[in-house]
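Engineer: These are the residues of each chain, in order.
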Amino acid sequence: MRSAPDPASAETVRPDDDALRLRVRGLAKTFVLHHRGGVALPVFAGVDLDLRAGECVALAGPSGSGKSTLMRCLYGNYAPSAGTVRLRVDAGWLDLVAAPPREVVEARRTRLGYVSQFLRVIPRVPAESLVAEPLRRLGCDGAEALDRARGLLARLNLGEALWRLPPATFSGGEQQRVNVARGLIAPREVLLLDEPTASLDAANRDVVVALIREALARGTAVVGIFHDEAVRAALVTRAFEVASHRAAARGHGAQA
Amino acid sequence: MSAGTHSPPSLPPSPPPLLSARGLGKRYGARWACRDVGFDLWPGEVLAVVGESGSGKTTLLNLLAQRVPPDAGTVRYALRDDAGGTAAVDLATLSEQRRRTLARTDWGFVEQHARDGLRMTVSAGANVAERLMALGASHYGRLRATACDWMSRVELDPGRVDDTPERFSGGMQQRLQIARNLVTGPRLVFMDEPTSGLDVSVQARLLDLLRSLVDDLGLSCVIVTHDLAVARLLAQRMLVMKDGAVVEQGLTDRVLDDPQHPYTQLLVTSVLQP
Amino acid sequence: MSAAPTAEGYTFAFLDEQTKRHVRRAILKAVAIPGHQVPFGSREMPLPYGWGTGGIQVTAAIIGREDVLKVIDQGSDDTVNAVNIRRFFARTTGVATTTRTADATLIQTRHRIPERPLRDGQIMVFQVPQPEPLFRLEPRRAETARLHALADYGLMSVRLYEDIAHLGAIAATYDYPVRVDGRYLMSPSPIPKFDNPKLHRSPALQLFGAGREKRIHAIPPYTTVESLAFEDHPFEVQRWPQACALCAATDSFLDELIVDDAGTRRHVCSDSDHCRERREAGHVGSDGSA
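So the sequence lines, in the order shown, correspond to chains F, V and U.
For what it's worth, the working numbering labels the leading residue of the first sequence as 1, then goes sequentially.
For what it's worth, the working numbering labels the leading residue of the second sequence as 257, then goes sequentially.
For what it's worth, the working numbering labels the leading residue of the third sequence as 531, then goes sequentially.
The set of hints was computed from the structure by calculation and includes no laboratory data.
Every residue, glycine too, gets a C-beta built ideally from N, C-alpha and C.
Among these hints, one or two may not hold up.
[Stated by the list, open to error] These stretches of chain F come out as covered by chain V in the derived footprint (C-beta under 8 angstroms, 3 or more residues):
| no. | region |
| --- | --- |
| 1 | 32-40 |
| 2 | 67-77 |
| 3 | 97-104 |
| 4 | 118-125 |
[Stated by the list, open to error] Short, incomplete list of chain V residues facing chain U, as computed with Cβ under 8 angstroms:
| no. | residue |
| --- | --- |
| 5 | Q353 |
| 6 | G381 |
| 7 | A385 |
| 8 | S394 |
| 9 | G397 |
Next up, chain F with everything else stripped away, as it sits in the complex:
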């Protein structure tokens, strides 16, 4: 990390803060497992986070502390138990928690990216098409999207022979590179990265770091989970401790 940890909570936000991209307030998540007697599993509560263009905030904490869960709540993939996740959009702010599905889908198409830990494989679709798809959905011409996808896969050292194959039979590292390419190919305002360099060797890890740096330089705001220290050192501008929000969640649990 380049600077001392900066508590992200309770910051005053100037109303004309142009660089602000994501604003999380009072976010809480408690899982209720109805088939285990309705047991409540509190994860976190009272999470406040502001994210600005060009920042790379690392979600920090031991395994099981809820980093991935928090990230999925930011993406709209998990439903928070409380709180808001406001994404900066053209004419104001969109609360992803309360927005109707089509608005979340639209936000994901144009502004909000997410690279999960695992590539979800779609049968029959070749790797290059998977990577090109986010560009096509932005209206990019099919041939050009494919071109850029191939360029990115080449940069990630994925052999050309693999481009036209569906990734189901790829190794973990190969799938991860397809995953990263798909997540980074289109310019995003906010990017959520869950272990983007997992399963990669040093050379490919460096390529991914470079790609993330380029995105940051373009103004993308990044929230990431990075286990690799070297990667953290290269990218992260500040850290956010998730585990410290666990106790607050236990109080929340009764409300879930």
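Starting from the known structure of chain F, arrange chains V and U on it as the hints suggest.
Structural biologist: Just chains V and U, lined up with the frame of chain F:
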């Protein structure tokens, strides 16, 4: 409509919903097969309705597609008017003639079994071109060319345009059925378990085709399926039904990855992983 | 020919007056909705189903003492069928009969329309075996009734498309489906498609009776009648390279006859009255004799 925005609308004002159901229900004797269903479907949205047998999902599809009359509630559809705009109309007020024309032009319905959605004894070309002929198209050469074009688009060999559907495999019959429905450029397509009963590899191919067609053509779809993987692949939104009621709805990946309702949690964890 | 003495014990034209009224009401409805099939209470006639009972009932309902009746079967006045039906009416009405199209006021026909153009004031009565043009494509009556009501004729277009796809041309050569007044799809009865153009804007009233199927339909005078086709496969009538052996006509419907055990063929006009007229006017065919 977004309850979460607290400043001026975040996105350009959306067009009115394409299809709106309110309090929709169907009763058979004392038993409600489907009760109090409401939702809005926007242009370009794909909605999956999932549930087990007896959940009421097929009844709901038939109610929406005007195949059975409701015992409660309404369905409104944004009919195209002559000025190029749309106007929401309560479908129960349409004459049978207008409903049939609607079903043949602006809507599609892909049946679970291709046999129910095709004329098995006439050629593939006639099957695909029939809707156009019913609307008055009368140039044989152009009809045939259109049929061949659509067959290519659903990955069927256009050279087989004169073959009857009986000579095609199940997956190909299903693709032919899709072409038959899409030839008039519908905005809304209903699908009833479109991939059930097909071999797994055939299913994959068909799903891939459906995905690209829906994307390329900007179709709105309501897809009934018991297969959660199909829902995840094709639909942005999902309705989970049990015993005639909607127990949970929302973004597909959210419902599948973070199910809230006990029944949804049960459904999601019951799926076998190969 | 003058009126023969009528048989004892029969009402005029065999049917009782109430039945005639019923059939006339059905005819009026049919005329009011050109091409639409009107159900009627078809009676038992002294002729089996399939031999023209519908045509006979229509004729019986409208024939009057001053009418001059002509009956033809496949264009000829002297086949067994035509002779029988003509004699039936002669016996039950005493009305004058003729073989000359020009002189007739009422013409009952099986499977042909006379070559001589009809005039204002004449009535054609067609014998119809199957009034439903969609029958072979959709056997359910309830469904075809709905299709007609909604003018939903895609099914017939599919049939014609199939013919062209498999045979290169529309296969039907008789009972060729027509669209009446731009609205109803109608079967013109098994007349050859050669005769279809005569239906269009005819000065005569054209009535169609199906006894077994219990339907009456009609084409009022001067109604548009279009034979179905595709823009790039237009409707065409049959043509013969031969001329009539008796009268040398090149534009009438020809029957092909085998005249001896050696298999010698001769083409002659199917419409016997037309042929006679031409011969009387001096036309002579390759046969030479009259």
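Engineer: Would you mind marking each hint as holding or not holding in the structure?
Structural biologist: Against the structure, the hints:
With 4 residues having a Cβ less than 8 angstroms from any Cβ of chain V, the region 32-40 of chain F passes the three-residue criterion, so the hint holds. With 3 residues having a beta carbon nearer than 8 angstroms to a beta carbon of chain V, the region 67-77 of chain F meets the requirement of three or more and the stated coverage holds. Coverage of the region 97-104 of chain F by chain V holds. Counting CB-CB distances below 8 angstroms, 8 residues qualify, and the rule asks for three or more. Counting residues of the region 118-125 of chain F whose CB lies closer than 8 angstroms to any CB of chain V gives 4, so the stated coverage by that chain holds, three being the minimum.
A distance limit of 8 angstroms between C-beta atoms decides the matter here; for Q353(V) the minimum to chain U is near 5 angstroms, and the interface restraint holds. The criterion of a C-beta within 8 angstroms of any C-beta in chain U is met by G381(V), whose closest approach is roughly 6 angstroms, and the hint holds. Interface hint status for A385(V): upheld, as the beta-carbon distance to the closest one in chain U is roughly 7 angstroms, under 8 angstroms. For S394(V), the suggested interface contact is upheld, since its CB lies about 5 angstroms from the closest CB of chain U, less than 8 angstroms.
Taken as an interface hint, G397(V) checks out: its beta carbon lies about 5 angstroms from the nearest beta carbon of chain U, inside 8 angstroms.
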